[in-house]
Amino acid sequence: MKANKKPFNIWNTSTLLILCIFLLFIAFPLFLVLKKSVIDPGTGQFTFEYLSKFFERKFYWITILNSFKVTVAATLLSMVIGLPLAYMMRKVKIKGSKVIEILVIISYISPPFIGAYAWIQLLGRRGVVTEFVNNLFGTQFDGIYGFAGIVLVLSLQSFPLIYLYISGALKNLDNSLNEAAESLGYSNIQRMFKIIIPLIIPTMLASALLVFMRVIADFGTPMLIGEGYRTIPVLIYTQFMSEVGGNDGFAAALCMIFIVVTLVLFLVQRIVASRFSYSMSALKPMSVEKVKGYKNILSHAFVYFVVLLAILPQLVVTFTSFLETKGGQVYTGNFSFDNYKNILFMKNTAVIWNTYKMGIIAIIIIVVLGVLISYLTVRKKNAITNILDTVSMFPFIIPGSVLGISFIFAFSDKPFVLSGTVLIMVMSFVIRRMPYTIRSSTAIIGQISPSLEEAAISLGASETKTFRKVVVPMMMPGVMAGAIMSWITVISELSSSIILYTSGTQTLTVSIYTEVIRGNYGNASAYSAILTVTSIISLLLFFKLTGKREVSV
Amino acid sequence: MSVSIIVDNVVKKFEDTTVIDKLSLQIKPGELFTLLGPSGCGKTTLLRMIIGFNSIDGGSIRIADKEVNHIPVSKRNMGMVFQNYAIFPHMSVKDNIAFGLKNRKLGKEEMEKRINDILRVVHIEKYKDRMPDKLSGGQQQRVALARAIVIHPEVLLMDEPLSNLDAKLRVEMRNAIRSIQQQVGITTVYVTHDQEEALAISDRIAVMNGGVIQQIGTPKSIYERPANIFVSKFIGTSNVMKATLKVENGEKYIQLSDTYQEKMANLKDQAKPGGTVLVSVRPQEFMINEEKVGLKGKVIRSMFLGINTHYFIELEQGEEVEVIQDADAVELIPEGATVYLKVKPTKINVFSSEDETTLIKVGGINESK
Ligand SMILES: Nc1ncnc2c1ncn2[C@@H]1O[C@H](COP(=O)(O)OP(=O)(O)OP(=O)(O)O)[C@@H](O)[C@H]1O
Ligand SMILES: [Mg+2]
Numbered sequence: 136m137k138a139n140k141k142p143f144n145i146w147n148t149s150t151l152l153i154l155c156i157f158l159l160f161i162a163f164p165l166f167l168v169l170k171k172s173v174i175d176p177g178t179g180q181f182t183f184e185y186l187s188k189f190f191e192r193k194f195y196w197i198t199i200l201n202s203f204k205v206t207v208a209a210t211l212l213s214m215v216i217g218l219p220l221a222y223m224m225r226k227v228k229i230k231g232s233k234v235i236e237i238l239v240i241i242s243y244i245s246p247p248f249i250g251a252y253a254w255i256q257l258l259g260r261r262g263v264v265t266e267f268v269n270n271l272f273g274t275q276f277d278g279i280y281g282f283a284g285i286v287l288v289l290s291l292q293s294f295p296l297i298y299l300y301i302s303g304a305l306k307n308l309d310n311s312l313n314e315a316a317e318s319l320g321y322s323n324i325q326r327m328f329k330i331i332i333p334l335i336i337p338t339m340l341a342s343a344l345l346v347f348m349r350v351i352a353d354f355g356t357p358m359l360i361g362e363g364y365r366t367i368p369v370l371i372y373t374q375f376m377s378e379v380g381g382n383d384g385f386a387a388a389l390c391m392i393f394i395v396v397t398l399v400l401f402l403v404q405r406i407v408a409s410r411f412s413y414s415m416s417a418l419k420p421m422s423v424e425k426v427k428g429y430k431n432i433l434s435h436a437f438v439y440f441v442v443l444l445a446i447l448p449q450l451v452v453t454f455t456s457f458l459e460t461k462g463g464q465v466y467t468g469n470f471s472f473d474n475y476k477n478i479l480f481m482k483n484t485a486v487i488w489n490t491y492k493m494g495i496i497a498i499i500i501i502v503v504l505g506v507l508i509s510y511l512t513v514r515k516k517n518a519i520t521n522i523l524d525t526v527s528m529f530p531f532i533i534p535g536s537v538l539g540i541s542f543i544f545a546f547s548d549k550p551f552v553l554s555g556t557v558l559i560m561v562m563s564f565v566i567r568r569m570p571y572t573i574r575s576s577t578a579i580i581g582q583i584s585p586s587l588e589e590a591a592i593s594l595g596a597s598e599t600k601t602f603r604k605v606v607v608p609m610m611m612p613g614v615m616a617g618a619i620m621s622w623i624t625v626i627s628e629l630s631s632s633i634i635l636y637t638s639g640t641q642t643l644t645v646s647i648y649t650e651v652i653r654g655n656y657g658n659a660s661a662y663s664a665i666l667t668v669t670s671i672i673s674l675l676l677f678f679k680l681t682g683k684r685e686v687s688v
Numbered sequence: 048m049s050v051s052i053i054v055d056n057v058v059k060k061f062e063d064t065t066v067i068d069k070l071s072l073q074i075k076p077g078e079l080f081t082l083l084g085p086s087g088c089g090k091t092t093l094l095r096m097i098i099g100f101n102s103i104d105g106g107s108i109r110i111a112d113k114e115v116n117h118i119p120v121s122k123r124n125m126g127m128v129f130q131n132y133a134i135f136p137h138m139s140v141k142d143n144i145a146f147g148l149k150n151r152k153l154g155k156e157e158m159e160k161r162i163n164d165i166l167r168v169v170h171i172e173k174y175k176d177r178m179p180d181k182l183s184g185g186q187q188q189r190v191a192l193a194r195a196i197v198i199h200p201e202v203l204l205m206d207e208p209l210s211n212l213d214a215k216l217r218v219e220m221r222n223a224i225r226s227i228q229q230q231v232g233i234t235t236v237y238v239t240h241d242q243e244e245a246l247a248i249s250d251r252i253a254v255m256n257g258g259v260i261q262q263i264g265t266p267k268s269i270y271e272r273p274a275n276i277f278v279s280k281f282i283g284t285s286n287v288m289k290a291t292l293k294v295e296n297g298e299k300y301i302q303l304s305d306t307y308q309e310k311m312a313n314l315k316d317q318a319k320p321g322g323t324v325l326v327s328v329r330p331q332e333f334m335i336n337e338e339k340v341g342l343k344g345k346v347i348r349s350m351f352l353g354i355n356t357h358y359f360i361e362l363e364q365g366e367e368v369e370v371i372q373d374a375d376a377v378e379l380i381p382e383g384a385t386v387y388l389k390v391k392p393t394k395i396n397v398f399s400s401e402d403e404t405t406l407i408k409v410g411g412i413n414e415s416k
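So the protein sequences, as listed, match chains D and S. All the letters of the first sequence, read from the start, carry residue numbers 136 to 688 under the numbering used here. All the letters of the second sequence, read from the start, carry residue numbers 48 to 416 under the numbering used here.
Read the hints as simulated data drawn from the structure, not as lab findings. A portion of the hints provided could be inaccurate.
Said to hold, decoys possible - Computed cross-link-like contacts, SDA-like style, restricted to lysine to any residue with a CA-CA straight-line distance of at most 25 Å:
no.	chain 1	residue 1	chain 2	residue 2
1	S	K75	S	D63
2	S	K155	S	N124
3	D	K604	S	Q186
4	S	K389	S	T265
5	S	K310	S	A247
6	D	K604	S	I162
7	S	K175	D	T601
8	D	K604	S	D142
9	D	K600	S	L94
10	D	K604	S	H137
Since this is a predicted model, take the numbers as computed values, not measurements.
Let's have the full structure, built from the sequences with the hints guiding it.
This is the structure we're talking about:
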């Protein structure tokens, strides 16, 4: 397209504006983290003191090891569950497979710490299952905490992602490849290892790395169910909380170390993704078949069991939210609406409205920025939009707790005093979600042929009019679908909200967390139920909008 | 009121590679002018320079004698039909067609009238309120055409508009395009790499290769009197053979074999005796005879197509040539049979073996310089 000669047209102006926003909310906070981690505030001198402190005491560095242990274990376990599930669902006719797909997606979109909390109710010290088993066998089982608990919760929360990815890859796998191999004399098992697995290896790696990134950055689960087993995000949070107002150099150093870890993971992911990729599109996808006998029974048993485990937390919190409690802590065994009465009438309902209000504001900003940025980086390529593109990917490597702390660093003092405001919460949501939004909007623009815009321009429309009348409406369905997914993740966000909230900006997730910590399980369940129902309704809306029973991650 | 298009020494560079270097052509008011050439020769590039999606890096383009180099696309008032149609999928047929009109501050009635008129012209009245995904390829093509011409553009540009259609529809649509273009009388630039389509649809054709115009002319002149070997091979089928030029008693002859020569009355003066020339003979310009005069050869394969028969004949001097004989000519010649081929001296073309340009005298039909 003909380059516009004017230096300050609408595109350049918006590019610069967005760049300023990113500098303020991404680059500036990150820079402060870096600075605080290596500069002694007293002397203003460069120092390695904070960074080396971490590696000197086992109390600190063990957290990296712990993080890697739980992450590797949870990733492997979620592969072990997710892969066979995806294969069976594609290959074998499972009764109720449509419902199963939706249940898997629901378990995927609900925040992991709800899982942690629900599993504590089942397998915790005073959990239903624990007590049942102990009574029955006279054992002294003390509940599933620490390593085992974290891995259980995070694998059950993560296998849906593996499932969704692999299932998508299998759908794109043309069955004629399979048939060709069969005609060349390959047996069922041989085809599995020679054709199917090699073709889905890129997807397997990609999804495993995504799980890895999510699990390692997760804060709520190890915090709730980890007890003494501390991971990096837990250490960062506790250090930061205990040092507020004091010297935050060590917290900054922890953040730096964590960023380096996620950065390395991110780069590995990039390399893997570029090294292994096949473009596949199936003319004739694999078809599900009815199988008979023990294979059929085993497949059904496996699928149902796994999905039951995955959806159990949602069932547990919904169920317990209707249980009567004594003093909010001990269940009496009767049903009642007390918990809901409590949170809706006795307590400050602002947390619910806060969640919705801040969520919606964040989504609007996300959509506007996402559409604009992807349009600029795809269609108006230049040096500045390239910078924009790169900067907008930074949040991929900033774990939520690190983002929260960096915002506190950046916006507690002049010139930008934002702490405690709605804006700082909203911007933390926006920044955390930005890379995903841009990635999906960029994919949507990629599917709009430039000749559509050229057609509009040749018919006399200006560039801005073309953008409004052709590009935006065509992007809308995809963008709205993406916005709903963003909304679901935003309202489940905990790790940066827990650092940034004040009483005026408390959200549902923060309330669930604090109620659990205080032992008010009844209220926590009611809050969780509200969050879960909101997510499920949003998900159904998403399905309606896209006309598909699939989510993009 | 139709306009002329003058492309004057235009240059197009992508980064450092020059794709088009000083290309000139003139398109007459109201004509359907085709850019024809192999893939990658710069047809699309030139078309997009005319409409303004590509900048012009040298020379000028003038529409109705007004230079348009620096006029933005949206102000050029040109209609374009895209290869992939570029129908807005979120708008109905009617809204697609109205899109360009809405920018033109027409009254509501005038707009309705124009839309209805054009729907009738392209025969899609029935689909006015349909969404584009419920239309067939040919119907989408018609919408694209209607949308481009409803704004009454000065120029209509089409880039391989038929390449996404199947063979039968392609023929149907090219007839439709031709008749609509005639009806509207709009100056049209049409891009294709399909020589048959170009011959069928155009008033005049510019044959391009490697960013350079090889020949401009009517379909008939380009087919019958190609300016060089490239054009003669690109348009239709040509058998190219070596021959020697001779002069006897002031008459020019081409010697095709030791025993066979033909008198040529239309050779240029520059054609010098004694030299080697290239003779291009179309399959129907051979005559098979049994008098044992002409080029001796053996039939190696034959194809009976009903309307005529194609023979593939290996000549004594080694070349293989394709020959077409009308179906009403006697019996099929069996494979392996020996035949003799004469050429039609008034039809065949002779090219210089040095620069491969034609040695046939310009007979008023050949415009190329
Ligand atoms: N944006 C571009 N950047 C660099 N080179 C380009 C660009 N567009 C076209 N070219 C080059 O210019 C030459 C002409 O391209 P053009 O698209 O005009 O060919 P074409 O004749 O339309 O071919 P086709 O019949 O395949 O459509 C090609 O060699 C192509 O690689
Ligand atoms: Mg082209």
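Against the structure, the hints:
Among the hinted pairs, S:K75 with S:D63 is inconsistent with the structure: their alpha-carbon atoms are about 33 Å apart, more than 25 Å. A C-alpha spacing of about 21 Å is found between S:K155 and S:N124, which places the hinted pair at or below 25 Å, so the restraint holds. Restraint check for D:K604 and S:Q186: satisfied, since their Cα atoms lie roughly 23 Å apart, inside the 25 Å limit. Using a Cα cut-off of 25 Å, the hinted pair S:K389 and S:T265 is violated, with the two alpha carbons roughly 28 Å apart.
For the given pair, S:K310 sits about 33 Å from S:A247 by alpha-carbon distance, which is inconsistent with the 25 Å threshold. Taking the CA atoms of D:K604 and S:I162, the gap is near 20 Å; set against the 25 Å cutoff, the hint holds. Restraint check for S:K175 and D:T601: satisfied, since their Cα atoms lie roughly 23 Å apart, inside the 25 Å limit. For the suggested pair D:K604 and S:D142, the alpha carbons sit about 11 Å apart, so the restraint of at most 25 Å is met.
For a cut-off of 25 Å, the pair hint linking D:K600 to S:L94 stands: about 24 Å separates their Cα positions. Taking the CA atoms of D:K604 and S:H137, the gap is near 10 Å; set against the 25 Å cutoff, the hint holds.
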